[in-house]
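Under my numbering, the sequence shown has 159 at position 159, and the numbering climbs by one with no breaks.
Be a bit skeptical, because a hint or two may be false.
Calculated cross-link-like contacts (lysine to aspartate or glutamate; reagent style EDC-like; alpha-carbon spacing at most 20 Å) [as the list claims (entries may be wrong)]:
id	residue 1	residue 2
1	261	161
2	262	100
3	288	305
4	140	100
5	288	154
6	156	208
7	262	158
8	116	131
9	106	208
10	174	208
11	106	133
12	191	69
13	262	208
14	262	88
15	191	88
16	288	208
Honestly, the hints are just simulated from the structure, not real lab data.
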Amino acid sequence: MIPVAEQTIFISIASYCDPLLAFTISSALNNAANPQNLRFGIVDQSPASQRLSMQVEPPLNYVQVDPLDTRGVCWARSLAMSFYNGEDWFLQLDSHMFFEPNWDIKLIAEGHRCAKLNPDFVISSYPNAFELDNGKVIKKVISEHPLVIVVHDDVKFDNSDILQFTFSFAEANKPVLGFALGAGCIFAPGKIVQAFPYDPHFYFFGEEQAYALRLYTHGWDIMHVCLPIYHYYQIKGDIRPRHWDEEQDSKRTIKHDRLVKKATARLHTLINGGDLGVYSLGTTRTVKDYADFCGIDYMRQTLNDKAYLGPWVFNS
Numbered sequence: 001m002i003p004v005a006e007q008t009i010f011i012s013i014a015s016y017c018d019p020l021l022a023f024t025i026s027s028a029l030n031n032a033a034n035p036q037n038l039r040f041g042i043v044d045q046s047p048a049s050q051r052l053s054m055q056v057e058p059p060l061n062y063v064q065v066d067p068l069d070t071r072g073v074c075w076a077r078s079l080a081m082s083f084y085n086g087e088d089w090f091l092q093l094d095s096h097m098f099f100e101p102n103w104d105i106k107l108i109a110e111g112h113r114c115a116k117l118n119p120d121f122v123i124s125s126y127p128n129a130f131e132l133d134n135g136k137v138i139k140k141v142i143s144e145h146p147l148v149i150v151v152h153d154d155v156k157f158d159n160s161d162i163l164q165f166t167f168s169f170a171e172a173n174k175p176v177l178g179f180a181l182g183a184g185c186i187f188a189p190g191k192i193v194q195a196f197p198y199d200p201h202f203y204f205f206g207e208e209q210a211y212a213l214r215l216y217t218h219g220w221d222i223m224h225v226c227l228p229i230y231h232y233y234q235i236k237g238d239i240r241p242r243h244w245d246e247e248q249d250s251k252r253t254i255k256h257d258r259l260v261k262k263a264t265a266r267l268h269t270l271i272n273g274g275d276l277g278v279y280s281l282g283t284t285r286t287v288k289d290y291a292d293f294c295g296i297d298y299m300r301q302t303l304n305d306k307a308y309l310g311p312w313v314f315n316s
């Protein structure tokens, strides 16, 4: 096996007019034990006047797209993933993150621990939060244990396959077997890029459900661990626009509501076994198996307690 100090990490970032993009890249590099092993694939959806200008080693794989020409976050994530070049690990992130010292070694160590349980795995969760106070990072730690993802407690199926998720707690110091993921923080062996290319035809809602189902039905497991990465949730004083904001959406030929309808229909097709080529479900496990595992029954449009509380398996 390649020594940990030599293992490379490909970091995929889709950014939309985000003033924290440069902060995120700098935090990743400055807090890594082995910054020379990091490779970036960045899709910066911002005006030319806001083009990222950073001189780093190794150079960034970077493309800028005018925000009026983009098709949403999944389209951008698919493009960012295309910069992958055989690195040992794949890390997909939002563009507003903060990293603990030696985060790369810590995350790789968690990866090797999960690989002993199932070599086909994805680490994902909603990271703990951070805020900025006059440029100073303030960590907002919710739990020292893994934050696990569950269906929001007031959500039910409502003539749609789209569900909303939230976090819960797992009092564990081991990887926790999960059924949902957070697309803003996904860490996995590099082989995930070839096995599960990101579907550019999704928009926002439903992307995590689709990716989780693809992984599960192909025999991959989602694992929750305590992440050495923090997310800027912007609960107060939002500092960045959204792709669907009316000011820019009104200027586009293809509006966001059309993209939402297309993505919603695509999720329904996926769930029902439609042929989406490389983006289709697998045959190792079924959608019914998924319902038995986690309580989300797409066929019957029902949810049981496991969907809200978790079927957590604490692996040894």
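So, going through the hints one by one against the coordinates:
1. 261 <-> 161: Cα-Cα ~12 Å, so holds.
2. 262 <-> 100: Violated. Residue 262 to residue 100 sits at ~38 Å, over the 20 Å cutoff.
3. 288 <-> 305: 16 Å, holds
4. 140 <-> 100: Holds - the C-alpha atoms of residue 100 and residue 140 are around 13 Å apart, at most 20 Å.
5. 288 <-> 154: Outside the cut-off at roughly 23 Å; violated.
6. 156 <-> 208: 17 Å, holds
7. 262 <-> 158: 18 Å, holds
8. 116 <-> 131: 35 Å, violated
9. 106 <-> 208: 24 Å, violated
10. 174 <-> 208: 23 Å, violated
11. 106 <-> 133: At roughly 27 Å apart (the allowed maximum being 20 Å), residue 133 and residue 106 break the hint.
12. 191 <-> 69: Roughly 30 Å separates the two Cα atoms, so the pair is violated.
13. 262 <-> 208: 16 Å, holds
14. 262 <-> 88: Measuring from Cα to Cα gives roughly 34 Å; hence the hint is violated.
15. 191 <-> 88: At roughly 8 Å apart (the allowed maximum being 20 Å), residue 88 and residue 191 satisfy the hint.
16. 288 <-> 208: 18 Å, holds
Violated hints, listed in ascending order, are 2, 5, 8, 9, 10, 11, 12, 14; each of the other numbered hints is respected by the structure.
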